[in-house]
Amino acid sequence: MSVGAMGVFGRRLLLAVDARGYGSADTARQREIQTVLPRLLSDAADAAGLGRASWMRQLAGDSEFAVLPAGSDEQALVEPFMRRLDAGLRAHNRDRVPAARLALRAAVHFGPASEAPSGFVGPGPVEVSRILESDPLHRALDEAPDAALAVALTAPVFTELVAQGYTNFRPEEFREVVVEKKEYRGRAWLWVPGYDVHALDLGDAVSGSGADSGSGSGSAAGPAEPAVPAAPAAPAASGGDSATTNLYGTVINGNVVFGISK
Numbered sequence: 001m002s003v004g005a006m007g008v009f010g011r012r013l014l015l016a017v018d019a020r021g022y023g024s025a026d027t028a029r030q031r032e033i034q035t036v037l038p039r040l041l042s043d044a045a046d047a048a049g050l051g052r053a054s055w056m057r058q059l060a061g062d063s064e065f066a067v068l069p070a071g072s073d074e075q076a077l078v079e080p081f082m083r084r085l086d087a088g089l090r091a092h093n094r095d096r097v098p099a100a101r102l103a104l105r106a107a108v109h110f111g112p113a114s115e116a117p118s119g120f121v122g123p124g125p126v127e128v129s130r131i132l133e134s135d136p137l138h139r140a141l142d143e144a145p146d147a148a149l150a151v152a153l154t155a156p157v158f159t160e161l162v163a164q165g166y167t168n169f170r171p172e173e174f175r176e177v178v179v180e181k182k183e184y185r186g187r188a189w190l191w192v193p194g195y196d197v198h199a200l201d202l203g204d205a206v207s208g209s210g211a212d213s214g215s216g217s218g219s220a221a222g223p224a225e226p227a228v229p230a231a232p233a234a235p236a237a238s239g240g241d242s243a244t245t246n247l248y249g250t251v252i253n254g255n256v257v258f259g260i261s262k
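To convert, note that position 36 of the sequence shown is 36 in the numbering used here; the numbers rise steadily by one, no gaps.
These aren't lab readings, by the way, just hints derived from the structure by calculation.
Dumping the calculated EDC-like pairs for lysine to aspartate or glutamate here, alpha-carbon to alpha-carbon at most 16 Å:
(1) K181 x E133
(2) K182 x D135
(3) K182 x E133
(4) K181 x D135
With the hints as constraints, model all of the structure from the sequences given.
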């Protein structure tokens, strides 16, 4: 087998997590976050059947970047892990005043990652890190005051798992957003447990309509697919008040994922 200068190429399952408000917290609060975060992640991993002891992890106070072993279960990380993490956060926050509650942002990606002297390098770690840092994900958590978790999936994860029915999520539970952070430009799909993510005010993080959401990843958004036209509003049945329902959709690998707004 021919191997280039960078060694053997491989794609890995990547997870990045950080805590809201760590920088403004006092010393005691920061210590608590550093203590609780690993326990919650371990509990969620155990519940999902993911052996966290085998993860390669980089820690930074309020955050963790993890590269899971080759062959790790993507479905387990996307759904049971995230649902258990949300449940664990809510249990931790119960009976706590708002200022003492812990809320996390998480990003999941499947892409190229290679070991390096100080961790991992490649487009995969860059992409998942930029999405974790992105304005849409931060705003999604800020605009959902009672939420404990906001999750972002990259295109390969959303289109190949969620949109194709490999999880119990409905595709319309996620909101597609444009992510522009430093040198990175791409798309992500956001989910906030307990909230209609389409109703959250994300400012300029407008959902991409009709964007190509194929399985490839990279720093640029793909070419546009034909947009699904909005259905015409039905006339009112009587002379009273009328309501207009707009349908919007995205073409993903030949399937159409619809959302509804009124």
